[in-house]
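Protein sequence lines, in the order shown, are assigned to chains A and B.
Residue numbering for the first sequence follows UniProt numbering, beginning at 1 and increasing consecutively.
Residue numbering for the second sequence follows UniProt numbering, beginning at 1 and increasing consecutively.
Please keep in mind that the hints were generated in silico from the structure rather than gathered at the bench.
Positions of the beta carbon are idealized from the N, C-alpha and C atoms, including for glycine.
Hints are not guaranteed to be accurate.
[As the list claims (entries may be wrong)] Sample of chain B residues at the chain A side, in silico, Cβ under 8 Å: (1) 128; (2) 165; (3) 220; (4) 229; (5) 322; (6) 332; (7) 335.
In case you want the letters, here they are:
There are 2 protein chains.
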Amino acid sequence: MLDHPNADYRILTAADVPAYLAGLPAIAGRLGGQPADWTCQDVADGNLNSVFLVDGPAGGLCVKQALPYVRVAGESWPMDVSRAFFEFSYGQRIAPFVGRLAPAIHHFDAAQFIIVMEKLSPHIILRRAMIAGEHHPRVPEDVADYVAAASFYTSDLAAPFESKAADQAIFARNTALQRISVDLVFTDPYAVSERNRITAPLEAWAASFRADIDLKAAVTRARLTYLTRAQSLLHGDLHSGSIMVTQAETRVIDGEFALVGPSGFDIGNFIAHYVMAWYAKPFHESGATSVGVFRDHLAADIVLFWDRFEARFLSHWRGFAGAADGLPASHFSGPAGAARAETLRRAYVADLFRDALMFMACKIIRRVLGFAQIADFLVITDEAVRALPQAAALAFARSVLLYPERYGDIAAIVAALPRFDAAGLDPAVTRGE
Amino acid sequence: MLDHPNADYRILTAADVPAYLAGLPAIAGRLGGQPADWTCQDVADGNLNSVFLVDGPAGGLCVKQALPYVRVAGESWPMDVSRAFFEFSYGQRIAPFVGRLAPAIHHFDAAQFIIVMEKLSPHIILRRAMIAGEHHPRVPEDVADYVAAASFYTSDLAAPFESKAADQAIFARNTALQRISVDLVFTDPYAVSERNRITAPLEAWAASFRADIDLKAAVTRARLTYLTRAQSLLHGDLHSGSIMVTQAETRVIDGEFALVGPSGFDIGNFIAHYVMAWYAKPFHESGATSVGVFRDHLAADIVLFWDRFEARFLSHWRGFAGAADGLPASHFSGPAGAARAETLRRAYVADLFRDALMFMACKIIRRVLGFAQIADFLVITDEAVRALPQAAALAFARSVLLYPERYGDIAAIVAALPRFDAAGLDPAVTRGE
Numbered sequence: 001m002l003d004h005p006n007a008d009y010r011i012l013t014a015a016d017v018p019a020y021l022a023g024l025p026a027i028a029g030r031l032g033g034q035p036a037d038w039t040c041q042d043v044a045d046g047n048l049n050s051v052f053l054v055d056g057p058a059g060g061l062c063v064k065q066a067l068p069y070v071r072v073a074g075e076s077w078p079m080d081v082s083r084a085f086f087e088f089s090y091g092q093r094i095a096p097f098v099g100r101l102a103p104a105i106h107h108f109d110a111a112q113f114i115i116v117m118e119k120l121s122p123h124i125i126l127r128r129a130m131i132a133g134e135h136h137p138r139v140p141e142d143v144a145d146y147v148a149a150a151s152f153y154t155s156d157l158a159a160p161f162e163s164k165a166a167d168q169a170i171f172a173r174n175t176a177l178q179r180i181s182v183d184l185v186f187t188d189p190y191a192v193s194e195r196n197r198i199t200a201p202l203e204a205w206a207a208s209f210r211a212d213i214d215l216k217a218a219v220t221r222a223r224l225t226y227l228t229r230a231q232s233l234l235h236g237d238l239h240s241g242s243i244m245v246t247q248a249e250t251r252v253i254d255g256e257f258a259l260v261g262p263s264g265f266d267i268g269n270f271i272a273h274y275v276m277a278w279y280a281k282p283f284h285e286s287g288a289t290s291v292g293v294f295r296d297h298l299a300a301d302i303v304l305f306w307d308r309f310e311a312r313f314l315s316h317w318r319g320f321a322g323a324a325d326g327l328p329a330s331h332f333s334g335p336a337g338a339a340r341a342e343t344l345r346r347a348y349v350a351d352l353f354r355d356a357l358m359f360m361a362c363k364i365i366r367r368v369l370g371f372a373q374i375a376d377f378l379v380i381t382d383e384a385v386r387a388l389p390q391a392a393a394l395a396f397a398r399s400v401l402l403y404p405e406r407y408g409d410i411a412a413i414v415a416a417l418p419r420f421d422a423a424g425l426d427p428a429v430t431r432g433e
Numbered sequence: 001m002l003d004h005p006n007a008d009y010r011i012l013t014a015a016d017v018p019a020y021l022a023g024l025p026a027i028a029g030r031l032g033g034q035p036a037d038w039t040c041q042d043v044a045d046g047n048l049n050s051v052f053l054v055d056g057p058a059g060g061l062c063v064k065q066a067l068p069y070v071r072v073a074g075e076s077w078p079m080d081v082s083r084a085f086f087e088f089s090y091g092q093r094i095a096p097f098v099g100r101l102a103p104a105i106h107h108f109d110a111a112q113f114i115i116v117m118e119k120l121s122p123h124i125i126l127r128r129a130m131i132a133g134e135h136h137p138r139v140p141e142d143v144a145d146y147v148a149a150a151s152f153y154t155s156d157l158a159a160p161f162e163s164k165a166a167d168q169a170i171f172a173r174n175t176a177l178q179r180i181s182v183d184l185v186f187t188d189p190y191a192v193s194e195r196n197r198i199t200a201p202l203e204a205w206a207a208s209f210r211a212d213i214d215l216k217a218a219v220t221r222a223r224l225t226y227l228t229r230a231q232s233l234l235h236g237d238l239h240s241g242s243i244m245v246t247q248a249e250t251r252v253i254d255g256e257f258a259l260v261g262p263s264g265f266d267i268g269n270f271i272a273h274y275v276m277a278w279y280a281k282p283f284h285e286s287g288a289t290s291v292g293v294f295r296d297h298l299a300a301d302i303v304l305f306w307d308r309f310e311a312r313f314l315s316h317w318r319g320f321a322g323a324a325d326g327l328p329a330s331h332f333s334g335p336a337g338a339a340r341a342e343t344l345r346r347a348y349v350a351d352l353f354r355d356a357l358m359f360m361a362c363k364i365i366r367r368v369l370g371f372a373q374i375a376d377f378l379v380i381t382d383e384a385v386r387a388l389p390q391a392a393a394l395a396f397a398r399s400v401l402l403y404p405e406r407y408g409d410i411a412a413i414v415a416a417l418p419r420f421d422a423a424g425l426d427p428a429v430t431r432g433e
């Protein structure tokens, strides 16, 4: 097991990177020329790591190093660097299933906790594109393909159970980042915590969530599902900040939160960030279209994503002819068996949908009332204004957690969005539930 | 990771055991005297291992060695010897919670895959006691205490999630024995398999189970629950052959199937073997009492076991004051929070009950239609007679799997037992469902 920083570990700066890559000739060859010809740019954007983009005459590389603390919080919040090992292992494991929807990984340095991978250019982070009013219509289907393939092929539905067990033996050790999810997603937003960063006008909402026993009971179910439903290998942090896009390509990055868990977790996380983009959009650019049209794009994308996920997941399953323990073909032969197998497949996907909505709601709430806020809201600098779409998102998420029976399909989700648009700052006034 | 037999590994015979123990002076001291004073008896009884009981002037020891094949099947069925490591690891992990309900383990030999442990004397295997008509009234409550403590304290309800994750990282590698459960419990009994050993008059029952789409759909749910519900560290093989008893003491042995899985699995397995003993009892001894009275003991024991499990599990949970991720105390403070926490605890236990019944039924079916038959039935040498209690057990198990809504509490389970007593050899004739 790779462990905490060792004697060889040192934090790379942009100035160190060319020499570092020069020591890896097979990889540096992708850059062309000599170290003196290379430019290196520090582009760290997320919360946890150093990221450098290196360009040479022949091409580019991305160098990502795990730091021994949470980058945005500083050295006061230590963080196990072995997450780089898990990100690398996750990438290796899902590569056969997701192909070019994930970046190519060229090298893993087990002493420096560095991953050298494909430089994505001119890709930009999906979140920034959304805020800027650039619509990327390929993304929902690409990410649906990614999640459908990864969540099917790493599950017991597509392999003898030993395959998932081997993943569990590895990723059960990725506790440092799972601790972040458990605390920041499922616990802190419903309690007083100095890590929470709450937009001031939302104090009443935060207080009402802390006092809402029904809501916390629903979140308890979500947390226990996260902790105990070991269905497939998950990305674990699949939001619009973990997706890089051009109009032609989609890449899912940053798999360091990987765990064996409930397949609905990644699905719900992705939808959550489209929902929040939908609520924030009136306060952003909407590009060449009106706010209303951009919102319609986002709503349609949510439907497109789920429908595509469902279709692809079922298609992988129906077409699967190998050995697997989840649904043994030998038990469901003949026409009656085939019909029942299809019923079981649809019931499985219906369960994923319910889980996904539950996690979607938890992810929305943590982005508004928790530590890791998102730019979709933060770019709205006036807190009195920012609080309005945030309150709408909270009201929507609360409704989904408290009344899941009202949200039986993806159409019900997007139909509900406008009903919470004017939720307002008083959590006791329910509109549209 | 401990792996397959190495160059040092050799299979011990009874003649080798004294010299082996003489090489472990700290442990051999428990025997007293010299190797020449020790007697060694080969008492292998289960399906998988060599077991020797060694007696010296001062005391006794049990020496258990994992063989590289399934003992009852011979060398044609290879079996990873690292199961001894998992049995040892399981024992170490649960010892603080179960105390004297498990044997004391003195030594683990990682090269020879040998465990040296407390010799249980005059304890006998519970199954043999049941067949002989000896009632052991302490057993249900002792085993309930064991399962309640082990399944609570190794779950996310009683610790930060990292604790269970560490168990998963270890026991997810125990795939060799989990493969046995997946195949022999959940798959083979519903298919034609040369491993199945079916009492000849039950061919119609076996054929009807192979053709029963509803039953196989229910078994699919059970199998997926076994594979994906990672609630706590389980014994994994908790039947009447894994329990040694005197009138005063109960010991749970043979934890080599240990896995992180659904807590209902051990519960259901234990109940299943009381149910089968109940159906078989008219064909066994009943000791000093009538068959009817002994059956009443067994039925009462089933109720006692579940009621005690439920009470102890809830009591551990209510009294737990440490840090845990499953149900954070900070979310459920004050009178309303306390009331809701209790509701959630009861709902959790109700889910365990439903899982337990599902696994109970699967365990009954595998013991009748699968590879690993049990002495409770096998001692009935006339197959025409043996098939009758087996058919009753099958009919009962089928009903539980197909109509779980009829079995809402443990009283409903024991009330149903007599209704299937005369199920008979025609599976199409349903009586008492």
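Hint by hint, here is what the structure shows:
no.	hint	in the structure
1	128	violated, 33 Å
2	165	holds, 5 Å
3	220	holds, 6 Å
4	229	holds, 6 Å
5	322	violated, 15 Å
6	332	holds, 7 Å
7	335	violated, 10 Å
Checked against the numbered hints above, the structure breaks hints 1, 5, 7 and satisfies the rest.
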